[in-house]
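Enquirer: Top line first, the protein sequences correspond to chains A and B.
According to my numbering, the residues represented by the first sequence are 224 to 337, in order.
According to my numbering, the residues represented by the second sequence are 1132 to 1241, in order.
Derived by calculation from the structure, the hints in this document are not laboratory data.
Just to be clear, a hint being listed does not mean it is correct.
Derived CB-CB ranges, DEER-like [to be verified]:
(1) 1138(B) x 319(A): 31 to 39 Å
(2) 1171(B) x 238(A): 23 to 31 Å
(3) 264(A) x 1138(B): 13 to 21 Å
(4) 1148(B) x 290(A): 42 to 50 Å
(5) 290(A) x 1210(B): 35 to 43 Å
(6) 1146(B) x 241(A): 46 to 54 Å
(7) 322(A) x 1148(B): 28 to 36 Å
(8) 325(A) x 1241(B): 31 to 39 Å
(9) 1188(B) x 225(A): 17 to 25 Å
(10) 234(A) x 1208(B): 34 to 42 Å
(11) 1197(B) x 237(A): 42 to 50 Å
(12) 1136(B) x 335(A): 28 to 36 Å
Ideal Cβ placement from N, Cα and C applies to all residues, glycine included.
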Amino acid sequence: KAGVTQTPRYLIKTRGQQVTLSCSPISGHRSVSWYQQTPGQGLQFLFEYFSETQRNKGNFPGRFSGRQFSNSRSEMNVSTLELGDSALYLCASSLAGLAGDEQYFGPGTRLTVT
Amino acid sequence: GQNIDQPTEMTATEGAIVQINCTYQTSGFNGLFWYQQHAGEAPTFLSYNVLDGLEEKGRFSSFLSRSKGYSYLLLKELQMKDSASYLCAVRVTEGGKLSFGAGTTVTVRA
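Can you make the complete structure from the sequences, with help from the hints?
Expert: Spelled out as structure tokens, the structure:
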């Protein structure tokens, strides 16, 4: 069974631009979560989608948004990029995010904002 | 907020055993995860405990005590490739949101 995939793997953007990242979960998994990882803050939860609905949300500004499609693939969008948005963006999938469901990460998208 | 604590660094010798402790104080509990992360790579799933007790998977074992808010990851027969960061994470509520500790960097020396 294929794992979680993310595209693109690397991205360089300029301040003020916007970016869209994509995540395809493991087949059969309906919960997709997004995380930001930086050396200073560690792994921070952005949001989770389940059955095309945002189910959980972290403490990030509204510039960070996401959506999920009917095939469970998810996209994350960051508008008006700031230098501090440079990070590794990880998505993770699980069957339904319930107690007992394991959660697996994709390889991540490394975003550099200049 | 959620409080998840684990040691910052640990060093051990190849072939030895290392135990990484994780204590948590969270508003809810729906399971505890351990992940391994090598530098520059994504976290890799190691174990998941939702009930008290020990879960064993080859050289890795994880223990949970919900009443004490405590877990540990035990790495046996250490190999050089085990040098990595080990992340403890708690699923506080139902859903995919995990709250992570800062990670423990384990260095395995020959």
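Enquirer: Next, verify each hint and record whether it holds.
Expert: To see whether the hints hold, each was checked on the structure:
no.: 1; hint: 1138(B) x 319(A): 31 to 39 Å; result: holds, 33 Å
no.: 2; hint: 1171(B) x 238(A): 23 to 31 Å; result: holds, 24 Å
no.: 3; hint: 264(A) x 1138(B): 13 to 21 Å; result: holds, 19 Å
no.: 4; hint: 1148(B) x 290(A): 42 to 50 Å; result: holds, 46 Å
no.: 5; hint: 290(A) x 1210(B): 35 to 43 Å; result: holds, 42 Å
no.: 6; hint: 1146(B) x 241(A): 46 to 54 Å; result: holds, 51 Å
no.: 7; hint: 322(A) x 1148(B): 28 to 36 Å; result: holds, 30 Å
no.: 8; hint: 325(A) x 1241(B): 31 to 39 Å; result: holds, 33 Å
no.: 9; hint: 1188(B) x 225(A): 17 to 25 Å; result: holds, 22 Å
no.: 10; hint: 234(A) x 1208(B): 34 to 42 Å; result: holds, 39 Å
no.: 11; hint: 1197(B) x 237(A): 42 to 50 Å; result: holds, 48 Å
no.: 12; hint: 1136(B) x 335(A): 28 to 36 Å; result: holds, 31 Å
Comparing the model with each earlier hint shows no violations; every hint is respected.
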